[in-house]
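The lines below spell out each chain.
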Amino acid sequence: MVSQNKFFIAIIGLVFVVGLWIWWATENPNHEQALVKFLSVEQLFKDNQNDRIRLGGLVADKSIKLDDNNYLSCNFDLQEGELILPIHFVGVRPDLFKNGAEVIVEGLYVNGIFEADILQTKCASRFEGDLRDAESYNLDEVSI
Amino acid sequence: MTAVLGGLTLNLALGLAIVAIILHTIYLRTGDGRLFLSGQRAALAVSLLSFFATIILTQLLIVSNFDVDYVAHYTSRETPLIYKFTALWAGQSGSLLFWLFILSIYAVVTILQNQRSQLKLMPWVMIVLVTVQLFFLILVNFVANPFMPTEADFVISNGLGLNPLLQNATMAIHPPMLYLGYVGFTVPFAFSIAAMAQKEMDALWMRTVRQWLLFVWLMLSIGVMLGGWWAYQELGWGGYWAWDPVENASFMPWLAGTALLHSIMIQEKKDMLKVWNMVLIIITFTLCIFGTFLTRSGVMSSVHSFTVSSLGPIFLGFVFFILVVSFGLMSRRMKLLRSNKRIESFSSRESGFLFNNVIFIVMCFAVLWGTLFPVISEAVRGTKITVGAPFFNQINIPIGLVLLFLTGVGPLLVWRKTSKQSFIRNFTLPVIAGLVMALVLYLMDIRGYVLISFSLSVFVLTTIVTEFAKGIRSRITVQKENALIAFWQLLRKNRSRYGGYIVHVGIVFMFIGFTGHAFDTEKEFGIKTSESESLSGYTFTLYKIREEERPNHYAYIADIIVEDENGKEIVKLHPEKRIYFHRNPDPERRQPHSELDIYSTMKQDIYSIFNSVDLENGVAYIKIMINPLVNWVWFGGFIFVMGTVVALWPPKKEKK
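In order, the protein sequence lines correspond to chains V and Z. Just so you know, we're using the working numbering here: the first sequence kicks off at 392 and counts up by one. Just so you know, we're using the working numbering here: the second sequence kicks off at 216 and counts up by one.
Simulated from the structure, these hints should not be mistaken for lab results. Predicted model, so just to flag it, every value in this text is computed and none were measured. Don't be surprised by glycine CBs; every beta carbon is placed ideally from N, CA and C. Incorrect hints may appear among the rest.
Stated by the list, open to error - As a list, the in silico DSS-like pairs of lysine-lysine whose alpha-carbon atoms are at most 25 Å apart:
{"id": "1", "chain 1": "Z", "residue 1": "K485", "chain 2": "V", "residue 2": "K397"}
{"id": "2", "chain 1": "Z", "residue 1": "K335", "chain 2": "Z", "residue 2": "K414"}
{"id": "3", "chain 1": "Z", "residue 1": "K695", "chain 2": "Z", "residue 2": "K708"}
{"id": "4", "chain 1": "Z", "residue 1": "K685", "chain 2": "Z", "residue 2": "K484"}
{"id": "5", "chain 1": "V", "residue 1": "K397", "chain 2": "Z", "residue 2": "K484"}
{"id": "6", "chain 1": "Z", "residue 1": "K599", "chain 2": "V", "residue 2": "K428"}
{"id": "7", "chain 1": "V", "residue 1": "K437", "chain 2": "Z", "residue 2": "K599"}
{"id": "8", "chain 1": "Z", "residue 1": "K759", "chain 2": "Z", "residue 2": "K838"}
{"id": "9", "chain 1": "Z", "residue 1": "K759", "chain 2": "Z", "residue 2": "K738"}
{"id": "10", "chain 1": "Z", "residue 1": "K556", "chain 2": "Z", "residue 2": "K632"}
{"id": "11", "chain 1": "Z", "residue 1": "K635", "chain 2": "V", "residue 2": "K397"}
{"id": "12", "chain 1": "Z", "residue 1": "K743", "chain 2": "V", "residue 2": "K456"}
{"id": "13", "chain 1": "Z", "residue 1": "K489", "chain 2": "V", "residue 2": "K397"}
{"id": "14", "chain 1": "Z", "residue 1": "K759", "chain 2": "Z", "residue 2": "K787"}
{"id": "15", "chain 1": "V", "residue 1": "K456", "chain 2": "Z", "residue 2": "K838"}
{"id": "16", "chain 1": "Z", "residue 1": "K489", "chain 2": "Z", "residue 2": "K550"}
{"id": "17", "chain 1": "Z", "residue 1": "K484", "chain 2": "V", "residue 2": "K489"}
{"id": "18", "chain 1": "Z", "residue 1": "K783", "chain 2": "Z", "residue 2": "K759"}
Claimed, not checked - Far from chain Z by the CB rule (all over 12 Å, computed), these chain V residues:
{"id": "19", "residue": "F436"}
{"id": "20", "residue": "K456"}
{"id": "21", "residue": "N466"}
{"id": "22", "residue": "L474"}
{"id": "23", "residue": "D486"}
With the rest of the complex left out, here is chain V:
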């Protein structure tokens, strides 16, 4: 019969190895999107980050400008309080992306412009919004 201590040691060893693996992976992520710093626009302006980062804020009113030549490319301003950060994004824009939407972007800050390759919208707000009275519904025509 194997001594129970050996089992104990084997299990501790196994847990230790996997623990080490998790710690190692945390320190050495193998993908640029694995672990990304989440900053505020204020922090970004203060420290001038070169790493890949993630930011959240509102799309400033009437700031969305689509590129005439490349449908997938667009520019807009991210607003956080008083601060404004110009953003360039190439890719498919999510359904809820529009002026005033709450968005999360991820990418690099280069020469005063944030080059984003991930753009996500927060979707819940619309369905938790204010209720409306009858007038806003009395419409016969279809307007898209």
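Given chain V, work out where chain Z should sit, using these hints.
The following block gives chain Z in isolation, referenced to the frame of chain V:
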């Protein structure tokens, strides 16, 4: 009026829950049977009142009573009837009531099933169940009441409507299944606490617990898989699992529960690992409550979370309460839980189960680590770090592959000690099959995890097939049955064992599907009518953009012909761009939504998304993805469910 009745019902249920707990507690002290009876009736009444409250809310949703805030927020007049019904679990307070509803079903079933057979345990079981009910009653009464009236000084003519993402048939089944799983773990937990409290650790409660566990585990599994299926069909990013905090919240109890299902067999057969199993039951249940906390508190930003609410601290308090009480009780019963038996060898089945358990729990911890890492890093280092899917994949793929390996090894080990001869006899063929597969893949220039995963899949499948073959062959010789009947009898006579093997087959198929992810390709393009684009040997031609108004949305439909390399038409795809609330004058309130179209075969899925439309120039912006082997995931899931059903099916009573 009905809304007021709903509120009152919840008040009454709250009061009766407290009464039920008190009655049971006094009964335990005095032994007066009348108190036990009244206690049970009070507990039954709590459940019945919870049913009633749920029925009232459903009725309010169906008749579109917008005087109730919840109804006005989650439905509108145009919402189809089925989704008015499913709006019951679309929002915060409704889903908490739904939790209570499911728990009440379980409570009633538990009472009816066990009131005679488990006399000694039942008072404690009821105390635990009603306490959990009480917790949710406090929430729906005081923190998030679904019957709150609308706060507006005008007449609400229409509600906000249900999120179009949730208007999908899967969404009608996925949450209830998940809840049936989540909530169901309360029952085995209650039995375990009762067994410890009454020092009644015989085999009877264990059998009750095992049946329950298997059932709720099945529900949880179906819930998790349907969630993935829904994400794949509806969200339009071409994947089914994103390691979102809330997905993780359902995956963690699944991992702990799966570990428990395995190790509980050792307790049943060998009367060992009792402490460990108790720990697992407590952890699994706590993770269920913790999962609800993650979904409902808004502490993690995720597609599933609702707005930030005051629920967080209350939930955390409850989690803390559960942990302290359960582990406190456990520490006082350690003597009773200790077993004198020892594991005899590393090559025993006991040892195999033990290591499988350790891996499951370590994986559970890895998922927890990644999920909480943003919070941890902010507290420790001061910077908030977001954790992406690649991180979880990096950590969990190797752990998952070890589990896959153990899936093959475990069932071939025998109790106590596997002899060298049987080792060689059982493993030669599977190992050779796995190695041949590895060689073939290597020659095909496939390396890394893909090679390991496919080879292990072949290895595991071979072990299972040989197990079945062995059983069938011996029945053919001994019982003189033909192969088909032998197979059937094998399943019938040993449901849990062979059902388990079938579950393993399902798991292997799912791993094959996961591995296909490594070969995904995609392309985005703008395209005009009768123009073509190509990807992976396929040609995609847009032949029409149509428009159509439907009851609750306006749709643009792209008609695309898909042809293979030889110019043969394979399928026509019709992805849609929909605008919900299209009659709303405020463009900001209209809601665009992409409805996908997928052509699915066992080899691959051709996945099409209609991103947006430029009507002026007649251009449709389309994204095409080719995702190999995805169907194996769903197919594997189906086999998995079938296997569990076999294991669950109650044995027919044999005539003597």
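Verification of the supplied hints:
1. A C-alpha spacing of about 20 Å is found between K485/Z and K397/V, which places the hinted pair at or below 25 Å, so the restraint holds.
2. Distance restraint check for K335/Z and K414/Z: the Cα-Cα separation of roughly 10 Å lies within the 25 Å cut-off, and the hinted pair is therefore satisfied.
3. Between K695/Z and K708/Z the CA atoms are separated by roughly 16 Å; this keeps the pair inside 25 Å, and the hint holds.
4. At most 25 Å may separate the alpha-carbon atoms for a hinted pair to count; K685/Z and K484/Z meet this at roughly 23 Å.
5. Annotation: proposed proximity of K397/V to K484/Z holds, straight-line Cα distance about 23 Å (limit 25 Å).
6. Annotation: proposed proximity of K599/Z to K428/V holds, straight-line Cα distance about 6 Å (limit 25 Å).
7. Distance restraint check for K437/V and K599/Z: the Cα-Cα separation of roughly 16 Å lies within the 25 Å cut-off, and the hinted pair is therefore satisfied.
8. Using a Cα cut-off of 25 Å, the hinted pair K759/Z and K838/Z holds, with the two alpha carbons roughly 16 Å apart.
9. Annotation: proposed proximity of K759/Z to K738/Z holds, straight-line Cα distance about 20 Å (limit 25 Å).
10. With a C-alpha separation of about 14 Å, the suggested pair K556/Z and K632/Z falls inside the 25 Å cut-off, and the hint holds.
11. A distance of roughly 20 Å separates the Cα atoms of K635/Z and K397/V; the hinted pair therefore holds under the 25 Å criterion.
12. With a C-alpha separation of about 23 Å, the suggested pairing of K743/Z with K456/V holds against the 25 Å cut-off.
13. With a CA separation close to 20 Å, the supplied pair K489/Z and K397/V stays within the 25 Å bound.
14. A distance of roughly 11 Å separates the Cα atoms of K759/Z and K787/Z; the hinted pair therefore holds under the 25 Å criterion.
15. Distance restraint check for K456/V and K838/Z: the Cα-Cα separation of roughly 22 Å lies within the 25 Å cut-off, and the hinted pair is therefore satisfied.
16. For the given pair, K489/Z sits about 11 Å from K550/Z by alpha-carbon distance, which is consistent with the 25 Å threshold.
17. With a C-alpha separation of about 61 Å, the suggested pair K484/Z and K489/V falls outside the 25 Å cut-off, and the hint is violated.
18. For the hint pairing K783/Z with K759/Z, the CA-to-CA distance comes to about 19 Å; that is within 25 Å, so the pair holds.
19. At the 12 Å boundary, the C-beta of F436/V stays outside the reach of chain Z, the nearest C-beta of that chain being 16 Å off.
20. Non-interface status of K456/V relative to chain Z is upheld: no Cβ of that chain comes within 12 Å, the nearest being about 16 Å off.
21. The beta carbon of N466/V sits about 17 Å from the closest Cβ of chain Z, which is more than 12 Å, so the claim that it is off the interface holds.
22. Interface exclusion of L474/V from chain Z stands, the closest Cβ pair being 18 Å apart, more than 12 Å.
23. Residue placement check: D486/V does not keep its beta carbon more than 12 Å from all beta carbons of chain Z (closest about 4 Å).
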